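S.K.: Each chain, written out:
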Amino acid sequence: MKHFLTILSHEVRMLLVSPSTYIAAAAFLSFMGFVFTALLGEYSKAPQDLSPASAFFLYYWFPVIFMVPLLTMKCLAEERRLGTMETLLTTPVTTTEVVLGKYSAAYLLYLAFWGSSSGFFLILRHFAGDAHLIDPGPIIGGYLFIAVSGLLFIAIGVFSSALSRSQAVAGMICVTMLVGLILGGEYLARASWLDSESLSSIKEAVSYGHISQHRQDFTRGVIDMRELLFYVSGTVLALIFSILCVEAKLIHS
Amino acid sequence: MTAAPLQPAIEVSHLVKSYAGVLAVNDISFAVPRGEILGFLGPNGAGKSTTMRILTGYLPATSGQVSICGFPVASEPDAVKRRIGYMPENNPLPDEMRVSEYLYFRGRLKEVPRRKLGSRIDEVLELCDLKRVRHKIIGKLSKGFRQRVGIAESVLAEPPVIIMDEPTIGLDPHQILIVRDLIASLRGRMTVLISSHILPEIEMTCDRVLIINQGRIVAQGTPADLRREVLGQSAYEIEAAGDIGSLPFLLGSIDPGLSVASEGPPDSLGFRTIKLKTLSAEDTGEAILRACLSEGLRVRALSRAHPTLEDVFLAATRRSWDAVAEDPAAPERP
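Top line first, the protein sequences correspond to chains A and B.
Start counting the first sequence at 1; every next residue gets the next number (the numbering used here).
Start counting the second sequence at 254; every next residue gets the next number (the numbering used here).
Honestly, the hints are just simulated from the structure, not real lab data.
Source: prediction; values computed, not measured.
There may be inaccurate statements among the hints.
As the list claims (entries may be wrong) - Only pairs whose alpha carbons sit at most 30 Å apart, straight line, appear in this in silico DSS-like list of lysine-lysine: (1) B:369 - A:249; (2) B:369 - B:393; (3) A:2 - B:389; (4) B:369 - B:384; (5) B:369 - A:2; (6) B:396 - B:384; (7) A:2 - A:249; (8) B:369 - B:396; (9) B:389 - B:369.
Work out the full structure: start from the sequences and follow the hints.
M.R.: So, in structure tokens, the structure goes:
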């Protein structure tokens, strides 16, 4: 892991000079800002049952589906397309270091994006002077959920980038997988046809991977070990697949 | 960790690589002593790039053994990767980085100590005449500069072995000259393996040449050796006027192997160009001239033709095509 930091700092630097990062950041902040102001409008009209922070994190999936591909689609696909993977892997660097370095860089940036959205709450606190709107529990829980689930989302992005030589294809694969995971999980969790007795084991598996339920639990302050394990194991799996994928493509290139 | 000094820098024995049933490299063996510049020649698809990639540890071999400075590539890829500088075909570079940034990043990956890296980067920039563009973005550089960035990168960590896949491809003659001087300046200090299509290029820079075709070595040796071995003859060209009918008989009396290879049509002054070939390596030019004059031929010019590496290359690869065509067991290439 000697070269991990070298690759990480290089990747962060490359992400910071890439226009797609700023497009992703601008799109993300304007969307979340829009959601936030809309929420404030609602809350100023009538009292709601949900705290504003938990309502804010309800829409986490939308930026995830668009931002994660923008951050990750380039990382391995572009290296392979340009052929720089060859120069990279003929130095004393292992594939694991390359994949982990790129993954961590994208993850750090993902955290930075979400971290910048916490400015909304600071602004609100500064101008509202009313503490009841800003309940720290759901905010911390929400950001914790973002950090933990981000591990898996970014790993999925890195994996889809390992699958293809083209950034566009990698991006599309990533969007599809994220939609399948987040919205598909949501759909299956609500599907009534899974309620029958014979499908109960499937129902259980679906509810275990029901990401929106996890979000709700985190913002309520319920941090379940099984949920953490779901993200960590998914991340490890996706990263192992990415490493194997990069190596397999070398052998069959 | 250092290998014995007498070990060859590159040692390849019975290397075989097949892609999905197609043999790209078929039982190649060679060794390169330290400090030598070896040229790797072959037509497209001969297996040059594949061999080089296996040498760098980027691709695994199907069978056979490869070692760099005594370290087997298959079992100690890390030790090997620390000892090579590699410039792949088409020299891929990240377009959005600056030259000095790129070299710094590569130096860190190649484990050049941080203290030394700054001065080492200055050295290679100087060596490759890149000082003017050190703060430029690589994507905006011309082909010649990019190529030199690739070369600078491969010598950056001062590896004992440098492998360059077509370093002069797409350069203009002036830039080729610079690159050639650059490679020649590494002679003795580093072992260099370069592949190229440009034959004069190889002839001028390389101590030894290895010609491969269809995944097999068809000829190897110094350029002079190759000429002898592959062409096995020297050739003469005379421009003479007069009755040349007796010439074949005359030539046979000088050297039984000497014969007329071709005769040109006479020009306006009656001189025609006659090409002679012989199997012996001795210089029989004077005897030919004397014999012609004694027969009353008027001789305007006599020269001994020097076959170029190009002739050797064509002859060697043609020979191997013939061998492959005769051998029905040989695998077909797609």
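S.K.: So if I understand the rule, the pair passes when the alpha-carbon distance is 30 Å or less; does residue 389 (chain B) with residue 369 (chain B) pass?
M.R.: 22 Å, holds
S.K.: Would you check the hint for residue 369 (chain B) and residue 249 (chain A), treating anything up to 30 Å between C-alpha atoms as holding?
M.R.: 36 Å, violated
S.K.: Do the alpha carbons of residue 369 (chain B) and residue 384 (chain B) lie within 30 Å of each other, as the hint requires?
M.R.: Since the Cα atoms of residue 369 (chain B) and residue 384 (chain B) sit roughly 18 Å apart, the hinted pair holds (cutoff 30 Å).
S.K.: Between residue 369 (chain B) and residue 396 (chain B), is the straight-line Cα distance small enough, at 30 Å or below?
M.R.: 29 Å, holds
S.K.: Given the hint that residue 2 (chain A) pairs with residue 249 (chain A), test it: the Cα-Cα distance must not exceed 30 Å.
M.R.: 24 Å, holds
S.K.: Taking 30 Å as the top limit, are the C-alpha atoms of residue 369 (chain B) and residue 2 (chain A) close enough?
M.R.: 18 Å, holds
S.K.: For the pair supplied as a hint, residue 396 (chain B) and residue 384 (chain B), is the alpha-carbon distance within the 30 Å limit?
M.R.: It holds: about 16 Å lies between the C-alpha atoms, which stays within 30 Å.
S.K.: Take the C-alpha atoms of residue 369 (chain B) and residue 393 (chain B), compute the straight-line distance between them, and say whether it is at most 30 Å.
M.R.: 28 Å, holds
S.K.: CA of residue 2 (chain A) to CA of residue 389 (chain B), is that 30 Å or under?
M.R.: 29 Å, holds
Of the numbered hints stated above, the single one contradicted by the structure is hint 1.
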